[in-house]
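**Student:** We have chain E; now place chain R onto it with these hints.
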Amino acid sequence: MIEILQWTTLIACGAAALSRIPNLVRKKNRSLFYVLALMTLAILLSIQGPYLVIDGLLGSTNLANLLLRFIIFGAIYFLGIRIANGFGDERGLRLIQGHAGLAILAVISVALLVLFAFMDTEGSSAGMMAVYARDERNKVLTEYYGAAGRAYPAYVCLALLPAMLRAVRSTLPAPLRISALLLAIGGIAVILSLYFQAIPPALGYLTYVINYTAILCFVFGLALIWLAKVRAGRNTMDRTGRSAARS
Amino acid sequence: MPLPAKAFQRWLHGIAPDTSTADVCRLAGIKRTTLAQQLVRGKVAEATVVSISRAFNANPVSSLAYFETYRDLAGPQVPPTSHELVSQIATMDLLRAVIARSAPAAESGAESRGVAGVAGTPAPEHPAPGGQPALSPAPHATSVKNWVDAIDDGELRHRVSAATGIAPQNYSAQLTANRMAPEVAIATSRAAGVGLTGGLVATGLVTEAEAGWEPGARQAALDMLSDADLTVLAGDRLQSLGKTLRRQEQDHQQAEKIWENLG
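Protein sequence lines correspond, in order, to chains E and R.
When the letters of the first sequence are read in order and numbered with this note's numbering, they come out as residues 1 to 247.
When the letters of the second sequence are read in order and numbered with this note's numbering, they come out as residues 1001 to 1263.
Same shape as in the complex, but just chain E (with noise of 0.2 Å):
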């Protein structure tokens, strides 16, 4: 069941990625191009099968894992500042880019090097669930580690939430407001993604349900404005057509 979830997700995100490639080319907002790459290979890192493979060409010692949360930190952070600006979030933008949201940044990635550096991490495994389970140090040291990881996307959604429920409320077009919806739920997943440790055990699946609705909210809501925009275009082009037509 997750592993169909996980792969949906991956496939739907590189979709939406591979559609930003005309865009690319015509060098119009080629960062979000960058940021649906870098979340694609974030899951593909998540996978058991392609994060095995992948972590041994770097050795075996889950640096992997260490590279998936810095490639999050990056799409999370250059997508939020995409956000914001998109949205008109002035409160946001600050709390991301300013300096309070580097500091964060900073402190949350000295902490997970630190962390990463006292567990023994020998032995690929996906989530590091081979290291948690090996004794009683490196599951307090994972956990820990774990929690560092989902802290930086936690506040960048959590700087974000405002505007975008302000976005859902307002008077624009139906999906632009339905894609803040989106952007919304996701930021709302990734936050209760702080929670994780206070899920119990036999509700772990729980843990891959939040993280992948997160992914698949900002994945569709991304491409909802992206078609939003695509139509309204059409219409512009009708309207300055027929006016034209009239003068």
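Do not rely on the hints blindly, as some may be mistaken.
[To be verified] Listed below are several chain R residues computed to face chain E (Cβ distance under 10 Å; list not exhaustive): (1) T1091; (2) R1247; (3) A1255; (4) K1257; (5) I1258.
[As the list claims (entries may be wrong)] Far from chain R, some chain E residues (derived; all Cβ distances over 10 Å): (6) R26; (7) A111; (8) A117; (9) V140; (10) E143; (11) T171; (12) A232.
Calculated from the structure, these hints are not laboratory results.
Note that beta-carbon positions come from the ideal geometry of N, C-alpha and C, so glycine has one too.
**Tutor:** Just chain R now, with coordinates in the frame of chain E:
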């Protein structure tokens, strides 16, 4: 709540006994799938009855009166108040009237005084000049809201909300969107104690003539307005139009910005 399908079938049989459903749809300009869907769901839209009535030369208001919900539409109706009539004049027609009234004053050498100058001179009645263009037919872009404003004594919205169970904010949202369900329009008329057809005209479900309004009644009501009343009314309309346009422009800019960054 739309009309029950059974009653609709009975009504349709009465008005077009020998016509197939396909022909009814073709004559009335309704999509067959639309009507089929409404029949399957057991809820036929009032607009469907209106279209079919027109196709078979029946009065839509009398046709609606066939149904339980609209029983009170049968028989002679209370004529619209002058406020209601004026509310169904488009903003641009009101502005045109302002200009038409101030034009003679401007010609008589007082160009700089304009409308403000004319407003000071008592001129209670203006017969429509021959060259004046006819008013565009109701409804107009803000006719629903203007209609409710015209019959509102300050407590109307609360009474409608109590009578229909619609939350006041939803009712306001409908007015802003220039929409109102026919049933709510009737309830609004009832709560305001005015003729029942006013809301049906304002929502565009039926025409003025179908509602039994006198031809030229709106023009007459407009001519009855004093210069001051007309100017204030036109000013109010212009102000709310400005607000609407401002919001649209802001939304448009916001959408452009989103597309620029995320499209």
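**Student:** If we take the beta carbon of E/R26, is the closest beta carbon in chain R still more than 10 Å away?
**Tutor:** 12 Å, holds
**Student:** Just double-check E/T171 for me: nearest Cβ-Cβ distance to chain R has to come out over 10 Å.
**Tutor:** Check fails; 6 Å does not lie beyond 10 Å.
**Student:** Taking 10 Å as the cut and beta carbons as the points, is E/A232 off the interface with chain R?
**Tutor:** 7 Å, violated
**Student:** For E/A111, is the shortest beta carbon distance to chain R beyond 10 Å?
**Tutor:** E/A111 clear of chain R: closest Cβ-Cβ about 31 Å, beyond 10 Å.
**Student:** Can the hint on R/K1257 be confirmed by a CB-to-CB distance to chain E that is less than 10 Å?
**Tutor:** Interface hint status for R/K1257: holds (6 Å vs cutoff 10 Å).
**Student:** Verify this label for me: E/A117 is non-interface relative to chain R, using a Cβ-Cβ cutoff of 10 Å.
**Tutor:** 37 Å, holds
**Student:** E/E143 clear of chain R by more than 10 Å, beta carbon to beta carbon?
**Tutor:** Correct as stated: the minimum Cβ-Cβ distance to chain R is 35 Å, above 10 Å.
**Student:** Would the least Cβ to Cβ distance between E/V140 and chain R come out above 10 Å?
**Tutor:** 40 Å, holds
**Student:** How about R/I1258: closest beta carbon in chain E under 10 Å, or not?
**Tutor:** OK, holds: R/I1258 within 10 Å of chain E, min 4 Å.
**Student:** Holds or violated: the hint that R/A1255 contacts chain E, with Cβ atoms closer than 10 Å.
**Tutor:** 6 Å, holds
**Student:** A closest beta-carbon separation below 10 Å is what the hint needs, so does R/R1247 meet it against chain E?
**Tutor:** The hint holds - R/R1247 has a Cβ within 10 Å of chain E, the shortest such distance being about 6 Å.
**Student:** Would you settle whether the hint for R/T1091 is holds or violated, based on the nearest Cβ-Cβ distance to chain E being less than 10 Å?
**Tutor:** 20 Å, violated
Hint compliance for this structure: hints 1, 11 and 12 are not met, and every other hint is.
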